[in-house]
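Undergrad: What follows is the residue order along each chain.
2 protein chains.
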Amino acid sequence: MAEFQKTAFNKINRSPNRATYNKDEVYEILDSHFICHASYVYQGTAISIPTGYGRHGDTIYLHGALKNRMLLSLLDADKVSLSVTHLDGLVMARSVFHHSFNYRSAIVFGKARLIEDREEKNEALKVITENIIPGRWDEARQPNDNELKITAVVAIDIEEASAKIRTGPPSDDAEDYDLDIWAGVLPLQVIPGKPVSDEALKKPLPISNSALDFSWD
Amino acid sequence: MAEFQKTAFNKINRSPNRATYNKDEVYEILDSHFICHASYVYQGTAISIPTGYGRHGDTIYLHGALKNRMLLSLLDADKVSLSVTHLDGLVMARSVFHHSFNYRSAIVFGKARLIEDREEKNEALKVITENIIPGRWDEARQPNDNELKITAVVAIDIEEASAKIRTGPPSDDAEDYDLDIWAGVLPLQVIPGKPVSDEALKKPLPISNSALDFSWD
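Line by line, the protein sequences give chains A and B. Using our numbering, the letters of the first sequence correspond one by one to residues 472 to 688. Using our numbering, the letters of the second sequence correspond one by one to residues 472 to 688.
Hint data in this document are derived by calculation from the structure and do not stem from the laboratory.
Because identical chains share one entry, a pair is satisfied inside a single copy or across any pair of copies.
Cut-off 27 Å, straight-line C-alpha distance, at most; resulting in silico cross-link-like pairs (BS3-like, lysine-lysine):
#  : residue 1 : residue 2
1  : Lys582    : Lys494
2  : Lys550    : Lys538
3  : Lys538    : Lys477
4  : Lys665    : Lys597
5  : Lys582    : Lys550
6  : Lys482    : Lys550
7  : Lys620    : Lys582
8  : Lys582    : Lys597
9  : Lys550    : Lys597
10 : Lys597    : Lys538
11 : Lys538    : Lys482
12 : Lys620    : Lys482
13 : Lys538    : Lys620
14 : Lys494    : Lys482
Just chain A, with the same shape it has in the complex:
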């Protein structure tokens, strides 16, 4: 499947020219981020909570404490959604009305299931860790039996998805181009700072490669 089917859930009605249902494009947005907003219904109200994730194939993995309300609510639902948002810039038009953002956002829908098999759990945690900081899994002390036992790991098989992408300069009304108002784009980027070593290190250790090599995209 190269394209997700449009459904009542994933179909983008506002600015459809910015929409994509292409699987590669949606997955590229998912893979270049690692925090999603996972949404659940609590007493009739929709709530979204930021949480780390990783993707393997058509599956997204989340994790948390066993009694985490968000995870338990996701598991209870027939269909859940996750939103991933990159903010790439401020689009400064001549008119306030045409101000916008450059962004890449994706939304995925699917059914959540609890992973109980020890090996599958461990693999899912590796997928999440490696999506956040590539290379860190092999540097750090990997999860032991007790840590695996007290961690809930949830898989969401992606059934519907779409993305919305805006790039480029502002688009003003024709008559506004004559105004003496500067217009353009202010790019925004997430930049890693210098790694800060834990003061509790018992002896000087070189900074891990995963920290030195980390880049946002």
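Starting from the known structure of chain A, arrange chain B on it as the hints suggest.
TA: Positioned in the frame of chain A, the structure of chain B alone reads:
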């Protein structure tokens, strides 16, 4: 009111030591961001959509097209929620298990209402614009009657709210401090790039002060 009351909605159960219900702290998180994830229920499924916002007093303003499904759904709900998330760093522990993020996240709950008065609408759009790019409202061409007419502006009066903040180094299990594994924090920051002038500018214009003065925090 200096503190929000804890309710079933805003009470933080995971890592309660990182929770705050202090109004000033919650509002500081809201005011240092301008994209929230607004959550609504569609056919039983919770969906969250990124959107710009601004705060004035105890009210958050959102805007969009008149038929925007997210805004219409918010207006239909008895109680809605908005999430705001700052990602400040990757917390790299010795164990995979204790890896975490440094972050400041806030969630607010309230009832959404449509703003129909022309002046109130205009003021709300000013609040949103100035929260995103301080100074831009007076530089740009302000909304005309038709633009105000075709824009839906929604106010959410904040009734419940809380925030969760993590700062500082990793926290490992006592026995792991003897491992020869580097641990620390990789700070992450949103940095504005150089403003890119619209190629469609009819004559060279100096870059607007709002773009030159912009900083994330």
